[in-house]
Structure formats: structure tokens, C-alpha cells
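A.B. asks: In order, the protein sequence lines correspond to chains A, B, C and D. For the first sequence, the working numbering gives the first residue as 11, with consecutive numbering after it. For the second sequence, the working numbering gives the first residue as 11, with consecutive numbering after it. For the third sequence, the working numbering gives the first residue as 11, with consecutive numbering after it. For the fourth sequence, the working numbering gives the first residue as 11, with consecutive numbering after it.
Don't take each hint at face value.
Any copy, or any two copies together, can satisfy a pair, since identical chains are not distinguished.
Claimed, not checked - In silico SDA-like links for lysine to any residue, alpha-carbon gap of 25 Å or less:
| # | residue 1 | residue 2 |
| --- | --- | --- |
| 1 | Lys194 | Asp96 |
| 2 | Lys83 | Ser73 |
| 3 | Lys286 | Arg309 |
| 4 | Lys254 | Gly161 |
| 5 | Lys180 | Ile310 |
| 6 | Lys358 | Ser134 |
Simulated from the structure, these hints should not be mistaken for laboratory data.
There are 4 protein chains.
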Amino acid sequence: MEKKRLTYAMIGGAKGAFIGPVHRMAIRLDDLADLKAGSFSRDDAANRAAASDIGIESGRVYSDWRSLIAAEKGRVDFISICTPNDSHYAIAKAAMEAGFDVVCEKPLAMTLAEAEELEAIAKSRGRVLAIPFTYSGFPMVKLARELVSSGELGEICKIVLEYQQGSFRKIDFTKPLDKRNAWKMSPEKSGPSCVVADIGVHGFHLIEYVTGHRVKSVLSDLSSFAPGNTLDDDASILMRLAPKTDGGISPKASMVVSKVATGEENGVRLRVYGDKASLFWNQEAPNYLSVKYPFEAERIYKRNAPYVKEISVSAAVSCRIPAGHHEGFIEGFANIYSEFCAAVRDRKAHDFPGPFDGVRTMRFVEAALKSNLSDNAWMEI
Amino acid sequence: MEKKRLTYAMIGGAKGAFIGPVHRMAIRLDDLADLKAGSFSRDDAANRAAASDIGIESGRVYSDWRSLIAAEKGRVDFISICTPNDSHYAIAKAAMEAGFDVVCEKPLAMTLAEAEELEAIAKSRGRVLAIPFTYSGFPMVKLARELVSSGELGEICKIVLEYQQGSFRKIDFTKPLDKRNAWKMSPEKSGPSCVVADIGVHGFHLIEYVTGHRVKSVLSDLSSFAPGNTLDDDASILMRLAPKTDGGISPKASMVVSKVATGEENGVRLRVYGDKASLFWNQEAPNYLSVKYPFEAERIYKRNAPYVKEISVSAAVSCRIPAGHHEGFIEGFANIYSEFCAAVRDRKAHDFPGPFDGVRTMRFVEAALKSNLSDNAWMEI
Amino acid sequence: MEKKRLTYAMIGGAKGAFIGPVHRMAIRLDDLADLKAGSFSRDDAANRAAASDIGIESGRVYSDWRSLIAAEKGRVDFISICTPNDSHYAIAKAAMEAGFDVVCEKPLAMTLAEAEELEAIAKSRGRVLAIPFTYSGFPMVKLARELVSSGELGEICKIVLEYQQGSFRKIDFTKPLDKRNAWKMSPEKSGPSCVVADIGVHGFHLIEYVTGHRVKSVLSDLSSFAPGNTLDDDASILMRLAPKTDGGISPKASMVVSKVATGEENGVRLRVYGDKASLFWNQEAPNYLSVKYPFEAERIYKRNAPYVKEISVSAAVSCRIPAGHHEGFIEGFANIYSEFCAAVRDRKAHDFPGPFDGVRTMRFVEAALKSNLSDNAWMEI
Amino acid sequence: MEKKRLTYAMIGGAKGAFIGPVHRMAIRLDDLADLKAGSFSRDDAANRAAASDIGIESGRVYSDWRSLIAAEKGRVDFISICTPNDSHYAIAKAAMEAGFDVVCEKPLAMTLAEAEELEAIAKSRGRVLAIPFTYSGFPMVKLARELVSSGELGEICKIVLEYQQGSFRKIDFTKPLDKRNAWKMSPEKSGPSCVVADIGVHGFHLIEYVTGHRVKSVLSDLSSFAPGNTLDDDASILMRLAPKTDGGISPKASMVVSKVATGEENGVRLRVYGDKASLFWNQEAPNYLSVKYPFEAERIYKRNAPYVKEISVSAAVSCRIPAGHHEGFIEGFANIYSEFCAAVRDRKAHDFPGPFDGVRTMRFVEAALKSNLSDNAWMEI
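One chain only, chain A, in its complex shape (with noise of 0.2 Å):
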């Protein structure tokens, strides 16, 4: 067998974090690595259960990471890093000095120069590190980099980008929070900043990951509105960023980001101007990308449709299912296998199609060919 499949390690991400989860659903989608071993919490039940659940054989779960790291060397192709921000730093030295590939969740360390630090190791010892800024892998994002890099909006001049969520609306910040908040809201555990920190990189890195240019300078208002929050929860920031070529033009972007947008979900909505055509990505509806001209009709793009591999090739091998197949179509089928596992272990009633549903379809079938034959009549089901 040729491509063999790589091996991994996780650290963090036991039951009810958000991310680790994610991480292990998105290696699987593409069946491209094994989950082998794990340091999943702190806290020691917590990581039994995790592994336990998982299926990680019971001598390669570990109570810290640093064991881990010391005995699986050589033993997993990566380690995935799932833990708050502040031990993201130590454990991806570590990881790296060790020999192992990493992908980290972002941010990469508390501070610049850690960070710094973190790449010219990647650098010196040639470690592959990823850091998974996600935005970056939707294929009608994918589609928008090559549209700016292929001319088509001409010269870019103004982006404006917001990222708005209502998440902290729905937390009363002056009791005690729960897990998954109480690190984020930690300045020791997360970092001097929130909004900026956790959602504010992202926008940033689509900013210069679609466009191309890189910002230069920044200008910020940040603001803490949700009452008993002591850090940033909103921010409006404004860019500078470089031209592209000598004399090309310098555009300006416009962001705003924010964890008290009530009643908002995860709104990404990313707006490019060019001379010559402007483009618009919402993260809600990710598959359409629309593309504005001054003297045309406006042109939805769309994930999968049969032109997008001839404008990129990347936004392409990307699409796992065909146009129009929404992305949620791999979860509307995982969520019956799901229950159709259930029955198969219980023997007992879940909510999947079955037998019943297959034979009345094909009574429809049977009853329109009838009908349609019968010079439109009705037909009995």
C-alpha cells in the first residue's frame, strides 16, 4: 500500500471543549490520519473518558504533555495542540524540538516574540507547523484569493471586514464561568486580549490571505461592553496595508470585530474593492461568493459548479460533494448513519429511514408513472 496513513497525538480537547472535537471530525472527513495517542485534560477522569471514547489504546494516554511528547517520539507523524493559549508555546517547542510536526490552534503564543520564536524553529529544524486559521480552507475563499491574484477586481483599494458574534450575551460575567469561558476570560490562561485575540487574527489573516498584501500599520478603539467583562469584547480597527508593486495603490481596510453583537452567530462578511470589480463572502451562506462589476450584471460563484476548477484549481480539490450539495449534506447523512447505529447495537426504534419509508417511495414512483400514463388521472397510494 503506497499512502500509508500518518498517525497522530492530541493534546487537549477532552468532552466539552469546542475545538479539539473539531479537529478529530476533520481528520476523519478525509480518512487521512489516525489518532494514536492523547493527553486530553488535566484533569485525570476527563482524560480517561476522552480517550476511553475515542478509542486510544488505554498505555498511550497521558496524564500531561509533556510525557507524551517524551514517549511517543518517533511513534506519531504529529501532535495536534488543542490546550488554552498560554501552554500553546511550550508544548509547541517542545513538540517541534522532539521531531514532530505540529498543528497548533491559534493564537500561536501569548506573545510576539514567542511566536517568533516558534517559527525560527520551524525554520531551523524543518518542522511543518500549521496554525488552523479555517476561513482560509472554505473553497469559495479559496476562489476569492485567486480572483484578486488572477486581476480580475483590478487594483484593490478598501476592505472592510467584520466579524460579529453575540456570544457574550449570553454570559452573566459576574458569576463564575463555566470551563470553556472561564480560561478564555483569563488574561494568565488566554492573553491580554479577547476579541482581538480570538476572532479579530482570523479576519486579519483573511484580509491578507485573500487580497495578497500585507498590513502595515493599524489603528484601534477597543471597547469592554458586556457588564463584569474586564477584556476587550468589541474592537473597530482600522488598517493600512502595503502596495503590492512600487507605485501600485495602498489600500485601506476597515474591521470590526466584536463578542457583543447580540444575536449574532459567527458573522465573517468579508468585503473586497478592486478598480475594476469587488467581491463579497459571507460566512453564513459560505458556498456563493458573489463578484460586483461597474458595468455588469452582478455573478454568484459557487462551490463545486463546473467553472470553479478552471479559475482555481485549490477552491476545486477542496469540494468534497457536488454544487449544490451543501456542505451540511455529509452531516445530514452522518446524523442517520448515526441513528442507524444506535438500532444497530439497541435493536430498538430510531429516527432513520427504513424498510416502511423505502416501500412507500416506491409506491410514489409506481403511482406517478401510472398516472402519467393514464392521461393524468389519479392514482391510489
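Once you have looked at the hints, place chains B, C and D on chain A.
C.D. replies: Just chains B, C and D now, kept in the frame of chain A:
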């Protein structure tokens, strides 16, 4: 370990097929079952290639489904059938008689009689048999069903269902078809109906699933509009449904399904009208469910929002990620992991965010914090 | 002055009526004709009140339409008929025979025979007779027709038309109806059909207007779902259309019209599928026209965009304001003038922007300019 | 007749101008005032042409605004000023001093000092002075204001306002400009600011109108991106607003206004975030207002729906047609009347529905009724 992972075998689903890989991804997403055996194609090379790609032990790759069923008896928990329609009946029958639980692609069989026989076998032998009518697996569809059954819409009187695809506008039926389409257009392999049996059944199932009403009779008008195509590729179908209670309203439904709806991708749009409210769901924006009232503002329900679980536990538990984080979120992550894994293998540059991005985003955070502390002055990055 | 303004009289359209006032506003919008005479209601007080409100000279207010026609002969150019359906035929006939041109609300008559007679009279006497099927007056509908006739969509095969209203869900038919609804629900005053004759005809006209195909035959299934209502309030109608040329495609249409579509307001949605492209127009977002292709990005055409006039002069000239300035723009302006005029009369405060707002916005402009010249520092307002 | 119609004169607004004709249409829509005098252009021919087109008596057409004010004193109720910015102050001053009420296009003056003087004159002399910040005339904007002031959103903390136009992408500034643009780009005629003064003021007014908060200070970053353009054509502006009560929240606003937002038409998008809910209004879909909550489904309020009047009488009375009947409805009607009137004049065929359509739609109704009575069989038309 309490919850042993299930195992399964797949019949059909070699490279180039659409639905087989979707089944596999769906199962991996929740990591509920391992694929251990398969007969992926009657073409030996294609069969071996798929098996190797997936990582099936060579001793458990079979050249035909009969040998698979014979050899795997008692070794895997269930069989997933992803072959063309004409073999569904025989395989499902043999599999269930050999003791396997079964997931069988729709349509369950070529004729109603065969489907009824399979239903009877499943019942008499106690086999779990699922036919993946995918849309019933979507969280907002489950929520829709719950809203109807809870009486939020009042008594249902009318249903409008569109399932519009333009796929046949991309095919030249006067020339030999590619493999994926050839069997779908052959009455021998796929049955006497194309559009009704292939996608009309999804619409039919969705109507019954969401409303809880049973269709009593249908009136249909079928067409073959695509030049060179001989099967039905477009249908207008009227339906009359049974009341839920004696004296209750007998709803009517109007359904349009098409494969020649040029430019449409997978336009499944469902409207259900009750005497108190109506609902609208559109598969191409599947995370939203609209409910309209005579005297109140329209309400937009969203996948995994906090109120969903109060209305429908089944809708809530079928969500894997937070509200607003679009289902594509997992795919975005998967794309980053896929590029990362490629880099782990070949040590070359790939399209994923790396240490450079980790550092730059840290520079951004630091500059944003500094600007805010300096009377909102510009800060270099 | 070359272009003398036309004059007209109105029959029907007193206070509380829906469509009469719309006729008057529509005529005033372009200032093409002056309303000089009227018989607005059979109720004398209502008739006088309307006339006074509109500013009709008292000598030209008539208690019945017959005296109006007799007395206004040769004095006004045309008559606008906004009465209940049962008088359309008699008034239109008398008016045309007396030499008037006529605008008559739909349906043109109570029976087909009467309508044919009116058509013959108009023809033989050279009268201009218009029946305002409103949707054919929308710019994007005119553009749609032009795109079809120019061949952009190729040969048409399928049309899907919805006209969904929920108005009957706001009415209790078991109690006496208010005046506006009473006549619509009376077979004597309004004819043997409600939903088909009242809004179905708009759908029918829209299909023929946009596609240029003539409907050959229909199959219908009508219902009366609203409790207490005896006329049709919901209809599913299939249609077969004639080809445009010998050997051309005979398109099919599926139409759903309803007054019990709970929560819908005026959901006119038209989809036309050709073999090269399809189009979609939605009356509730009337400034946009979507065209979808098999191998190209969807295009969104917009009212009064520069490219519109190159495709359809009639679509372009039917626009009164620039692209993006929504049709409601004029109404927004009218609301401000309406409040202003009230203040001119009563010298009291009303809801319109006044000098305070004029000053504040100037302060804003000055502060914005000053901040920009001061390294983007904050400036007080 | 109790309610005598008002009369007015217009200064500016000859053929080819944008806003003058809009003023006239807006006034005619509600038939509240008659245009009796004018000085439409300094160009004599253009002035005469406009007057003739509108139907102004020749003795009341003036070659300059000074003579109009002198001659019309006491004859018309108010004056509408639709000239370039540099004459607003002088005309408005003279008009108010001569005893007229005034509607003056924005900006009210070239400098803040002038604007303050006009405010003082209006106050001291008791003149009604309106500056049409149009968007405050939209029903859903009025509803938004009411929802904020009623406390539905809780305390406001953040406002995001975009006003994006791409109009400058259609202009070549290196060549002589056409008349409509020439004065807008001349600092002498239009003032020291372009984008801020022309459309930024709308955004500013909308923020204060809807939230009821007063802007205290602004920070701005202006650009001139269009090649050859020397005035500001793009702006990012941050704002700090005063609390409504002592100790209340001081909201912040982020505003982006642009004339180089390629492909945008008139993208006015307002988002207001309170601690209980947030709202979103988009001028390009002006009949809808979205309100989002942390723990409830999003609500979509619609123009003239039955619940609107219970929330905001001013929003309800500013609607002219029923919910769902789009504002464009009147324009659709007007287009049909316009074609009809052309036919009345020239007796030729024009694009409006006539007797043929009246007859065909009757045929359709009869066939639909007959099919329904014949077991849903096909009926010829």
C-alpha cells in the same frame, strides 16, 4: 471500553462514484464504525485501487458481493450497499438473510413487490434496514417536523415542494454517457423512472416526514425534455394526503421535480402551510428555517441556537458545531488538515496557515492593543 | 405647450378601497393625466368625501357611472374603472361606445363572452383599452421578457409560478365580512372564482408575457380551505403551452396560487427554464433578476444598471430612479414631504429632518475633515 | 373643501438632474401640493423646457432664483431648493426671510456657520425648514427607531453603518465631467468634502435618527482612490456617542462610506447592537427589518404587516400599499398607465395589457374551473 466501535463492509462505491464516498465520510465524521471489508467494483483494478486507498486489508477485498456476504458473515456488523439500483434488492435480501444489518441506497428496489419483500424480511428477521433519505437527517428538517407535530402551524392544508436540478443540461444524451450517468439512464439498471425515482422520492419522503400526513393519491405529468433522453427528466405531481384525524383537513401537495432545470444545482425547497403558520426550508441554505404568521413577525430559526433544544431534542443533538459556525466549518478545517498532511509527507510548501501567519497575527494583536492605549494612534506592524 | 396633459374620470375607488388610490398615485407619479371627474361610490357621502379629498370640482362628481359617462362625453380623455367585477363589463362597454378610452381593472368581465365582446368593441371603435396586469409593468419583468425573446435562455421547456398570499388567514368567514372583502367573496359581484380569477390571472398573464408562449390547455385542482369560505381559495394548476415554431418545444407550466398560504404577503415567484439558461424573479425583491447557466456563474441583473438599456430599452425607460436607489426611495421622499406639508399647515413639530439635522450633519462633515487632517485624531462634534 | 392643496415653487431640478424630479414625484404621490412656479436652470433653454414639460404657466417661470422669490412672495406656500450645494445657503436664507417655508436639499450649507445661521432664521421667523435625509422617511427605519426607543434592544452599545456606492468607478475623472458630476466634484460648488458631505451625512443622520443617541466625537480616515479625483471618495469614520442618561452606556459607531465601492449601487446597511437585541436594515431590501436575540429566533418585520401599527403608528401611516405589495407596485402601475397614455395620444400599439389579455385571462379562469369540475382533466384554452 464500553462502547465498542461497530464494523461494516461496503458494496459499490469505488473511485469516481458520488454516493459511496459520502457514506464513508458520514460514518467517519462521528467515528461510529470502521470499514473493514468491501467489494467496491466489479472491475478488479478499480476494486483493488479503492480498497488500497481506503486501507482495507487485502484478504477482505472481494471481487463480487456474494463472496463478501459469505466470507464476512459474523465478522462485520452491517453492510452498506452503494451499487446501481438493479442490484439493491438481491444484495439487501442476501445480506439480511445472512444476518447483517443493512444500509441500502434508494430506491430500495426496482419494483414495489421487491421492496415489500425486503420490508418483510427485515421485520421477520429483526434486521435493521436504513435507506438514507438524506434530507430527513438535517437538523432544521427535524425541527420543522417537531414544529408541525407540536401544532405550531395548526392544521396543515397545503404543501409545495420543489426539487430542481439542472444536471441534465450538462450532459449530451446523444453521445455515449460516462459511467456515473450511464447506469442512471438505463431502464435495466435503474428502473422505469429517472427523475421521479431518483429525486422525486426525496421530495415525497420529505413531505411525509415533515408533515406526518400520508399521501393517498397522486396525479402526475412527466416529460423527457433533454434531447436524446428517453426517461422522465421533469415532473409535475399533484398529491392528496390523508387527514391525521377523522374530520381533519385532507391536505394537498404540489410537487415539481426536474433534472432539466437549467442552472439549478440542488434546489430542494419545501413550503408547508398550516392554518396558524407556515414554514419554509431550502436545502441550499439548510441551517435556517423560516416560520411565518398572519399577525406576527416572521421567525428565522437557526441550527444549534439555544432555543432549538427546547423545541426539538433530535434537532439539537444532530448538530455537531455551534450556531453560526456553518456546517462547512468542519470541511474548512479538513481542508487545512489535508494540506498539512500533504506537507508532513512531502515536506514541501502547501496551502495552510503556518508559523508566518501565526507570527503576523500576533503582531497584529500587539499593534491593536498598543494603538488602543495610545489614543487610537496608528501603529506599525 | 406641445404635450397637453390628458384628463380622466374615475369610477369606483372611494376611501378604504385598495386599488383605486393606487391607480391615482400611479398616474400622478408621472404627471401624465389629471383626474377631473368621478363617481367614486354609490354611497353618496362616501362619493362626496372622496371627491372633496381628491379636489374634484363638485359639478363633476356623479352619483352613478351612467350620468358620468353621459355628462363627461368629450370632456375627459379616458375613464379608469375601479369598481367590483360585476360592473366592469357594462361600464367599459358604455364608456367605449361613448368614445372614451378605458383602463379597466381585471377581470375584464364576469364571463368570457362579455370579455370577447369588449375586445371586439375596442377593436371596431378604435378605443384604447388597458387592463392593468401590474407585474408586466415592472422593469425586471420587462427585462426577463427581453432575455427570453433574445434567446438568452434558449428554448423554454418549463415554467414554475407561485402566487402565494395568506390574506384569508386574517379573515373570519363565518362572520359578516367588511366591505372590501364582502364583494370579493360574493359570486354575484365577483364571479364564480375567487383565487383563480383574482390572482391566478396575474400568474397566467405573467407566464405568457415573459415567455411569449401561449397556454393551450390547463388541468386544475381547486380547494376551499378557509373555514366558512365557499369559493376557491387555493389552486394547483398544470398548463401545456404551444411551441413558438413548428417542431419547437411545447413547454409545461406548474402554477400554485393561494389565499390561504398563511404568513405569505404577496409571494409572486416566477421561474422559467430554457435549455441554455433559467431565470428567477420574485415580486418581493422586484429590482433583481437572476439568470442561471449550466457552466457559468449565476448573474444578478439590477434595475436601471447601465447594462439594462443595452438589453431592453423598455426595461430601462420604465425606471424612474438610479440603480440601487430602491423604488421605495420615492415613497421615502414622499413621507418627508407629507410631514413637511403637515407642518406647513399647522406650524407644529412633525417627523421630518429640519434645520437641527442640517446643522448637525454639517458639524459632522467639519469634524470628519478636521480629524483626517490631524493624523486621524478624535474631534468633538 | 377643508383641505386646500398647498402650492410650491422649485429652484433647480431641470431635465437631467437626479434629485429635482424625485422631489416632484414624491410630492405628487400624495397629491399634497401643486408646483406653480419655478426657476429650474440658469440656462434659459433648459429652464423653459423643464417648465413646459411640467406645465408651469409661462409667467411664473423665472430666469433666476432672486426674481422668483421676489415675484412669488405670498403666492406659493413653500419653495423646494434642488440646486448645487453652493447656493443652498443664500436661497434658503432669502426664501425664509421672504416668508416662505423651505425644503432644501442637503447639505444645508457650505459651512457650519451658514447652517447655524439658517437654523436661527427658521427658529426666529417661525419658518418650516426641511432637509430631506431620505432614509428617515422609510417605514422600516421609523419602525427601527421605535423599537430602539421602546427598549426592545436594551441599551445600545455599537452601531455599524455602511454606505457603499460604486458610482465613481463609472466616471473618468481625467476627462471633463458631465454636468451632473461636474459640480459635485468642484470644491467651489459642492464644498470641501465629497463622499462625507454627499452620503456620509445620510449615514450620520440615520445613526442619530434610529438610535436617539448624539454623536460626540469622530475620528476619520479619508481617501481619494479614483484616479484623477481630488476630493474624498472613501472614508472610514469611528464615532463616540453620548449616553442617553447619566451613567448610561456611551455607544461607539463604525462607519464606512465610499463612492469607489466598485459594483455597489446604493448599499446603505445599518446594524444596531443593544444588550437585549440587535437590528439590521438594508436600503436595498427596504421593506424588511431584522431583529436578532440571544435566546430567541430572529424576527423579520415587514412593511405594513398588521403588527407594525401596534409598534409604531408613524411606520404604519407612512405605508401606501399593503404588505408584500412591494413599493415598486405603484411604479409598475405607473408604467402601465404611461404606456396607456402614450396610446391614448398616438393611437398606436404600446406595451400594456389590453383587451386581448383581458380575454385570454378569462379563458384561463373558465378552463381552470371546468377542469376542476371534470376530475382534474385537461381543458383547452
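A.B. asks: At most 25 Å between alpha carbons: which applies to Lys194 and Asp96, within, between, both or neither?
C.D. replies: Within one copy only: 10 Å inside, 55 Å across.
A.B. asks: At 25 Å max between alpha carbons, let me know whether Lys286 reaches Arg309 within a copy, between copies, both or neither.
C.D. replies: Answer is both; intra-copy 14 Å and inter-copy 17 Å each pass.
A.B. asks: Indicate which option fits the pair Lys358, Ser134 if close means a Cα-Cα distance not exceeding 25 Å: within, between, both or neither.
C.D. replies: between (57 Å within a copy, 15 Å between copies)
A.B. asks: Within a copy, between copies, both or neither: where do Lys254 and Gly161 come within 25 Å Cα-Cα?
C.D. replies: Intra 12 Å, inter 43 Å, cutoff 25 Å: intra-copy only.
A.B. asks: Can you tell me if Lys83 and Ser73 fall within 25 Å by alpha carbon in one copy, between copies, both or neither?
C.D. replies: Within one copy, since 16 Å is at most 25 Å while 40 Å is not.
A.B. asks: At 25 Å max between alpha carbons, let me know whether Lys180 reaches Ile310 within a copy, between copies, both or neither.
C.D. replies: between (35 Å within a copy, 19 Å between copies)
Violated hints are absent here; each numbered hint is respected by the structure.
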